[in-house]
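Student: Residue strings, one per chain:
2 protein chains.
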Amino acid sequence: MNVNFAERAHNHNWKLDPIVRSLLDTDFYKLLMLQFIWKNFSQVQVTSEVTNRTVRVRLAERVGAPALIEQMEHVRQLRFRRSELVWLAGNTFYGTRWIFEPAFLDWLEHEFRLSAYTVSEHDGQLVLRFSGLWSAVTLWEVYALAIVSELKTRAALAELSELELDVLYARAKTRLWDKIELLRDPSLHGLSLSDFGTRRRHSFLWQEYCVQAMRRALNSNGRASEPEDQDRFSGTSNTALAYKHDLEAIGTNAHELPMALAALASRGSDDELRQSQYRVLELWQQSYGGSLLILLPDTFGTTQFLQAAPPFVSDWTGQRIDSKDPVVAGDEYIAWLESRGQDPRRKRLIASDGLDAEEILHLHRYFHGRIRFSAGWGTLLTNDFRGCHPRGEDTLEPLSLVCKLTSADGIPTVKLSDNPHKATGPAAEIARYRRVFGTEPTTGPEPVV
Amino acid sequence: MNVNFAERAHNHNWKLDPIVRSLLDTDFYKLLMLQFIWKNFSQVQVTSEVTNRTVRVRLAERVGAPALIEQMEHVRQLRFRRSELVWLAGNTFYGTRWIFEPAFLDWLEHEFRLSAYTVSEHDGQLVLRFSGLWSAVTLWEVYALAIVSELKTRAALAELSELELDVLYARAKTRLWDKIELLRDPSLHGLSLSDFGTRRRHSFLWQEYCVQAMRRALNSNGRASEPEDQDRFSGTSNTALAYKHDLEAIGTNAHELPMALAALASRGSDDELRQSQYRVLELWQQSYGGSLLILLPDTFGTTQFLQAAPPFVSDWTGQRIDSKDPVVAGDEYIAWLESRGQDPRRKRLIASDGLDAEEILHLHRYFHGRIRFSAGWGTLLTNDFRGCHPRGEDTLEPLSLVCKLTSADGIPTVKLSDNPHKATGPAAEIARYRRVFGTEPTTGPEPVV
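Going line by line, the protein sequences match chains C and Y. The opening position of the first sequence corresponds to residue 970 in the working numbering, with each subsequent residue numbered one higher. The opening position of the second sequence corresponds to residue 970 in the working numbering, with each subsequent residue numbered one higher.
Chain C on its own, in the form it takes in the complex:
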């Protein structure tokens, strides 16, 4: 009776279901870093590389290079839309208007292009390499990771019947809702968390579902509430979702900045190398102020970073913990702030490393009243399908996919991190960095996601 003939024909004919449909479908900090790079390092050439730290999974056997290239090419022909640029120009981020300069937005509109890339296979793994100007390479990170992650999802979903798909999503929703119920606990005060799950998400639509579920369940949406009972869900790192759903875009910066600056400084003296980790902060501070001053001190080891930090560093707004036990790292940061005459209760502590709901609650309870704690909830928010597969297979479990800068102006980059499993770079360079920064290899848990 009521057949939509056009829709039916369209559904049978479409050629590509794009994973990334807008250049805003990236973490907000990539755009902040892009402006920083455009302004300060416009001529630096870099390479970066996607790797799968979950080596037991032979990813190339699940995701074919042609499908990957098709999706990458789709992203490469995307342009920032006029409405997106207007939003970037006019919106308020972290309480500040005009964070993006008109000249940068003009460049984004007219000159920005993603770099070339290569896709190859090695020992069952896909190898994805990007090289070119840093400003043309940097945004690839999130697009590429999200594409690989969702292609892996699609390959697994293609094995399932309609009923099995239905069961799968019922289970994942039940799981998500059970977590959200924990986070709704009315006895909690001041809880603050955000979505950091773009790069390893199950799919774009699932991330969007998770974000909408969190907002509706954890925020007042205009209802009256106690002063301390602010909205618990503070926003999303995903710029497209922030734009589409009127949420705060969350995030500041990542390891690629200190890694690149260290590589560029590494041709000089050991002291120049050591100081590069603070040089990046000076430059960042020139570009951005206010709430965007979030330290990421673990690139070459947190302890040495804090001990040797010049006075201006303790004026920064807060710290993000990405590789150390958050309890240890938070206590260390609080003690350091106090030793520098700072009041930790006016500072922010952001945990973002493999968190799940119970750990978020544990950390909130541990730090509440001592420092402004907030959680960046990533892969276990947007891709927790563990045990949900209707045939008990593990094909929908998240991988520890990463995209790391491997060189800057031809010099290899290094990351030591507080977790030796997360160290990257050539062995000889790692050894030199360890000596220079005085960072001993410690033991830590292997990253789950």
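Be aware that one or more of the hints could be misleading.
As the list claims (entries may be wrong) - Quick list of in silico lysine to aspartate or glutamate cross-link-like pairs, EDC-like style, CA-CA up to 20 Å:
1) C:1008 x C:1078
2) C:1373 x C:1018
3) Y:1008 x Y:1078
4) C:1373 x C:1078
5) Y:1213 x C:1070
6) C:1213 x Y:1131
Claimed, not checked - Looking from chain Y toward chain C, a few residues come up when the C-beta cut is under 8 Å (computed):
7) 973
8) 1136
9) 1139
10) 1140
11) 1142
12) 1143
13) 1146
14) 1217
15) 1399
To be verified - Across the chosen pairs, the derived CB separations fall in these ranges:
16) Y:986 x C:978: 26 to 32 Å
17) Y:974 x C:990: 25 to 31 Å
18) Y:984 x C:1259: 56 to 62 Å
19) Y:1355 x C:1199: 32 to 38 Å
20) Y:974 x C:1255: 53 to 59 Å
21) Y:974 x C:1159: 46 to 52 Å
22) Y:1314 x C:978: 47 to 53 Å
23) C:972 x Y:1042: 28 to 34 Å
24) Y:1092 x C:1199: 46 to 52 Å
25) C:1128 x Y:986: 34 to 40 Å
26) C:1159 x Y:1297: 55 to 61 Å
By construction, these hints were calculated from the structure, which means they are not laboratory data. For every residue, glycine included, the Cβ atom is placed at its ideal position computed from N, Cα and C.
Mind docking chain Y on chain C? Use the hints.
Tutor: Same frame as chain C, now just chain Y:
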């Protein structure tokens, strides 16, 4: 771009979303009993009544009489469709063709009408009464129960947001699938179960979902399998679903037959009253043979029924247990069969009283190899939303709704049952029946559903 204007306008304009959309949307045994009544008791006048045994729930405060009447009137103007009558005429039920006589189908098509009814409210409860020719009253039972049950569901759903609805169904599906996983246990052999959940279902669509899930998960659908590993899901009591999905229609007869025959005999001697419970079997046997010869011995107490049963009763195919502990009742039936020289392994034992997956497995393991056990899974298949409500309310939990014959030709009907909580009828009549049948009031659990 691609708006379906017609659909959108239609969705905003519709006046009634019918709950019962076909006269086949009833338990198959109602149709078997209808033919039996049409043939043998075409002039008997009866009354029957819907009651809510879960009295703590004030149903009339949730379901309004106008909405109920609107749905009832919709059913009353339905007719058996030509294609449905062709299917009833030509299909094979329990391996037998032409179970329905041409004259009966002709009557169904041209003369069958549902009786008049009244809807009133008493002490927070809805009171629904039907009176008229037995053949015009009997089918109301399942339509009315399913309508009340789904109207209650709709009232609860109307309180929920789209997201809450999504969460609710995710939880219910996860629950259902967890149960089905139990029933898929590959170490089991010969498991047999069917859907008996029409009358207290959450909704028609949910029952359909449950039935399709069971069929796809538990049946081979044409794949090769071990001889003993037959399809575990043997069919549904719902005739409309059996028709629509090519499933076996399951069911034989219910308490209303012995209740009415006892009432009609009760003007005579005690012995005539006592013998009426076997008289109904003789008449049934004249109408139907083969697998349709399933005893329902608990109307006036199972033990007395078996002890005094004439020889022909032990030739019947099996027994349905509806109010006694199935382990006790099954053992009793097996011992009785052996005492009558029958091989229990050639007989069928059907449990149908408030079962859930774990009890089905328990009973299967207990009886497997001793008798052909099968389970009629009802309310906890098609309406298990316990604990699924997103705000923790109990408005979606199933009620113990029943529809019982209250009189035949002006004489009150009585059911004693093996569970005194399920006894119905005027106290004086119950007392006489207990004396005549020698059935002592025993104690038993209150029915959950």
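Student: Take the hints in turn and mark each one as holding or not.
Tutor: Going down the list of hints, with the structure as the test:
no.: 1; hint: C:1008 x C:1078; verdict: holds, 16 Å
no.: 2; hint: C:1373 x C:1018; verdict: holds, 5 Å
no.: 3; hint: Y:1008 x Y:1078; verdict: holds, 16 Å
no.: 4; hint: C:1373 x C:1078; verdict: violated, 26 Å
no.: 5; hint: Y:1213 x C:1070; verdict: violated, 63 Å
no.: 6; hint: C:1213 x Y:1131; verdict: holds, 19 Å
no.: 7; hint: 973; verdict: holds, 5 Å
no.: 8; hint: 1136; verdict: holds, 5 Å
no.: 9; hint: 1139; verdict: holds, 3 Å
no.: 10; hint: 1140; verdict: holds, 5 Å
no.: 11; hint: 1142; verdict: holds, 3 Å
no.: 12; hint: 1143; verdict: holds, 4 Å
no.: 13; hint: 1146; verdict: holds, 5 Å
no.: 14; hint: 1217; verdict: violated, 20 Å
no.: 15; hint: 1399; verdict: violated, 46 Å
no.: 16; hint: Y:986 x C:978: 26 to 32 Å; verdict: holds, 30 Å
no.: 17; hint: Y:974 x C:990: 25 to 31 Å; verdict: holds, 26 Å
no.: 18; hint: Y:984 x C:1259: 56 to 62 Å; verdict: holds, 57 Å
no.: 19; hint: Y:1355 x C:1199: 32 to 38 Å; verdict: holds, 34 Å
no.: 20; hint: Y:974 x C:1255: 53 to 59 Å; verdict: holds, 56 Å
no.: 21; hint: Y:974 x C:1159: 46 to 52 Å; verdict: holds, 49 Å
no.: 22; hint: Y:1314 x C:978: 47 to 53 Å; verdict: violated, 58 Å
no.: 23; hint: C:972 x Y:1042: 28 to 34 Å; verdict: holds, 31 Å
no.: 24; hint: Y:1092 x C:1199: 46 to 52 Å; verdict: holds, 47 Å
no.: 25; hint: C:1128 x Y:986: 34 to 40 Å; verdict: holds, 36 Å
no.: 26; hint: C:1159 x Y:1297: 55 to 61 Å; verdict: holds, 58 Å
In this structure, the earlier hints numbered 4, 5, 14, 15, 22 are contradicted, and the remaining ones agree with it.
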